[in-house]
Amino acid sequence: MTTLLDLKSSVLRQVQRSQSLRSRREPPPAAAGSPLTHAPDPLPRRQGTVIEAVSEESVEFFERMNVILQKQENMLQAAQAECQRGACTVPPPQEHVDQAFIQDRISRTELDLLYEEAVYTVVNRVGVPAPEHVKGDEDLFAYLLKVFDMGEEEHDIVLQKVQEAKRANFSLRVSVIKAKSLMAKDANGYSDPYCMLGILVGQSPRECAEKKERKFSFRKRKEKLEKRSSTKEVLPARCIQVTEVKPETLNPVWDQHFVFEVDDVHSDLIHLDIWDHDDDVSVAEACKKLNEVSGLRGMGRYFKQIAKSVRANGSASSGSEENADDFLGCINISLNEIPVAGFDTWFKLEPRSSASKVQGECHLILKLFTSLRDTDLSKKDTNVSIHKKLLSQVLEYEHAHVKREPYNWNGQVSPPAWTVLTHHAVQTDLSPLQQAIIRWQCYSSHHRTQRVCYSLLLRLLRTIDAEWDPPAVRGDLERQLSDSFRLYTEHCLCLMKNMRQVFPCTSAAAITRYELMLRGVGYMQNMRAFKTVCPLRNELNLDITTVVKKGTVEWYEGVIAQYKPEEGNLEEQLRKLVQVVDAACGDIQRAQNTYNQLFCSAVKVDFFSICYRQLEKLVADDVNMAMERVCGTLEQESAKLTQIMGETIFELFMSLKILKGFREFLPLKDAKMLALTGFHNWFKSSIHKWLQIVHDRSCDRIRQAVDSDKLEPVQQAKHSSSAVEVTTCFGQVREIWHQLAWPDSAGAFIFVTRLTDNFCSEAVCYSEMITRKIERNQPGRDHKSFTVQLCVALNNTEHVRVFLGQLPRDLDWQGVEQAMEESCGAEGKEQVYKALNGQLFNMDLDLQREAKRLISVLTDKMLPELRRYIQHISLSPDSINNDDAVSPLMKYLQDTMVILIENLVKENLSRVLQSLWELLLRMILDSVTENRGVQVEFYNRFQYTVETLLQFFHANGEGLYVEDMKSGDYKVLDEELRLNKCSSFELIEQYFLEKISLQKTLKHTRFGRISVKCYYDPPEQRLTVEILHAADIIALDANGLSDPFVIVELCPHHLFPMAKSQRTQVKLKTLHPVFDELFYFHVSPEQYRHRFACLTFTVMDYDWLSTNDFAGEAVAPLSDFCWPGRPNASAAGKNVQPVILHLSRSKPSEKPIMRMLDARVGDREAQEFVRRLKEIEKSMEEE
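If you count the sequence shown from 1, position 726 lands on 736 in our numbering, and the numbers rise without skipping.
Honestly, the hints are just simulated from the structure, not real lab data.
You can trust all of the hints, since none of them are fake.
Simulated restraints on C-beta separations:
#: 1; residue 1: 118; residue 2: 442; range: 31 to 37 angstroms
#: 2; residue 1: 832; residue 2: 1015; range: 48 to 54 angstroms
#: 3; residue 1: 460; residue 2: 358; range: 46 to 52 angstroms
#: 4; residue 1: 1015; residue 2: 1049; range: 18 to 24 angstroms
Each computed BS3-like pair below joins lysine-lysine, with the alpha-carbon atoms no more than 25 angstroms apart:
#: 5; residue 1: 190; residue 2: 367
#: 6; residue 1: 171; residue 2: 156
#: 7; residue 1: 981; residue 2: 1161
#: 8; residue 1: 991; residue 2: 976
#: 9; residue 1: 574; residue 2: 81
#: 10; residue 1: 586; residue 2: 627
#: 11; residue 1: 507; residue 2: 560
#: 12; residue 1: 694; residue 2: 839
All figures in this text were calculated on a predicted structure; none of them were measured in a lab.
Glycine included, each C-beta is placed from N, C-alpha and C at the ideal position.
All chains should be built: construct the whole structure from the sequences, respecting the hints.
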């Protein structure tokens, strides 16, 4: 604190004792009669080569500073441009992984066995093929030859072996799910349905035709049973399956599953009957008791016999059928009509004959599969393992033949491949879940060697999750799924560690793949399957965080190895360290713009925070050590800082500031106590010396700029080269300080006071040097050229003044003042405030005074001519068109603007234009006010004049802003012209709009209030108005009371010409009358949709012997009651709450609209409207 107070005292003494640059440069008093041209220069002049050498050094210095500042901006823009990549067809980099993730290739022997399995599958195909399937065996064999790289001879051997092998035994899995809309057979309006189903043996084509014609059931199949009875007279009950009985329902749900062995998959049928059960005897039990039935002459009768046996307690008698269960319908499906993938659909129930009446549908799932396969591989391996190997082999071949973007393969295989794989999965009875797991295992394993599209892997994961059934995944399948999840996770973690090389931001394809990969990992860790088979991997987020940290450290170590900042002398080390920090900034920028969003949305990991904290700590350690060496070296060299070393230190500081700036994107809890906190303290001593170098170079540059200035406007500008040089120099110095962004305000106040003093004093000195230069050049020059030089000087001064007007904000004076107040009290704050603002105020006062004076001179000279042209417009007859009336004024303004535009900068020109615009508006407003009530053409002409002037001064965006011009006097003039041009009806409508707007602002007036209820009946187009009561009416009688009544009417009258005003009864001697009266008005939608349509409630005091007195009025817009959707415009409108309207008693004559209507003597509607309002006003005056 003592050191800080001493520093404060030193600065205050320096501020109080120091003189401004003007006083320090003040020349000694000149002798009487001494010409001004002989006054000495404000700054000492140096000769010849010395000035040139200093100037070149200063110019080069600021050029290098500009390169440093632009370099930082360009670095950030380049990083952002990387992240804003467009569509890219360039393949992404290779995704190299560890060899441990690559699976061993299958041997030739295993391939031969697998080929036999594939051929066996093709030979034993069943089911109706899908449209995308290949139907010919030869096409499938040709495809398999390519996949397995087999020769024709080898294929013939395998094919012969398969043909000699036993044909596959097929079974049919039937799932009876539910039925709907069955016929009611019981007295209660329901049925007790159950199903009986079995396999019907094959039949000839003739029998097929007869079946379709007769729609037979089992009991129509006598002939076929007789043929089979020669070999087997006993029919086992297992051939017939029975579902449970679902009592009292017409929409039963069974969800029962059965398996039937199939003798001939090409000719057999599946038959299902649905019956209504009528007692408590078990149908299934009856089916078992009929385990062996002899002598039956028809299988269809067998189903019927079972149903009858329930009634006969299991006897096989074929007696009367009176007690048989009721038939509800049947279904016959030929097995050769079942698709390869099976049926999962609703089947319509069929009758037994044309006399039967049935209705409803039954939902069945049918699927054929092989129960026995005669191949070598199927005898020693599981169906799941065989299908996995087959799919893997197909994937290898299919992916190798993808020509366009193989890295983005979506996994779609060719029709032959899909045909073979589908038939094999169906024949081996693989469930959808098993197939989903196998596909995931194969594709994810294949991806580790030959990358595929990550959206494919994500789709496979979703399929597993949708089909997941934990009891169905046990043993080897569970272990294999767990291994596949583990290998894929480790594969992805390995890629995450090397993401900067594998998924660079410069590749749109790589980023797209990375996003899909992260989404897949994020989805996988939340899957039920993953949580079940990998219960110990529930902390996948921690694994991701670990690999991100490790990858970041390895990347930084690679950057250090590339630039080697520990080699070379101290200056070279700092330059290399700058490159390291810039690389870190670029990496963090990419993390923020691209990678972080991917990680947060997919795996809920804050990638940016992890990456930033790692790199920030590594960079801080290296830079801190380097700056300690710099400080030690500067002390040894007697605090001598070379310009080149200073530039490098400044560049390093800027890079660190950018790196530190990224912490604002960290979560609040992570932004504290980071390694770069307070890093500016490492540079404190160096920056002090660095700013001194900047100041010296600025002074040299300004002096040289004035000496070389020819006071000629630079290209596309109205100021000369010296103004450009001065503001550019100031701007670069300001930008240097701004980029430093010194975070310690208390430690920066010395810098700020010094910079402010330099800026202000040098600006004044610059204006003096320019003035003296003009005065030296005055003799011998003509008036016009001298005027041009004066304009250039004015523009130069304005250019510098505007620039320095931003110093308080640019140098953060407020922060300096607060820091001084905290350390030295109010006295320190006041002294700093006076020192800083005093210099800036005096500088601004000196530079701006001349500009204002010159503008006033210009406008004053133009005033007589402008008044003459405005009068010409006002007095022009109607026969002259608007263009001719306005053209003299516009020509004069155009000629004047040419001179001003040619010699003034935009800032000064804007001030002149604004002054002229305001002057013209006032002159036109005076003319309009003096001519109220004349023809509309008069106002149209001035409206045209104003619009023409508006366009002229706006100059298509090159002049004044329209928003700035349409304020102040313009609004008053525009309203005056607009109202004067309106018709009487339009003015009246505007009058009511203003009253509605005023009514909404009224609260607790002294004139009382009225309570009303309004509701609208749309069908009848009738508005009902209930006037309930009033309160706090003003007293208008001598007894201190009033005799109030209310007049209610629809306004304006020209909108409701048929509506008459209505009034309540008079309530004597009261200020709180209660009316409770109803009034009805016819209001159409065309009327109430106008914004100005309203109800007016006028409260009057009844007088017996004189005219009634006006007590107050209120208005209510019809849109509040009648508009569709309002509560008042519905059936419940009568129940709405009353509306409280506050009364007002404003004088109509005070409104401009009234004065305009009153001036229209020949307008009957206007005079009638004014007359009514004057009567009210007269009533108010008589009170």
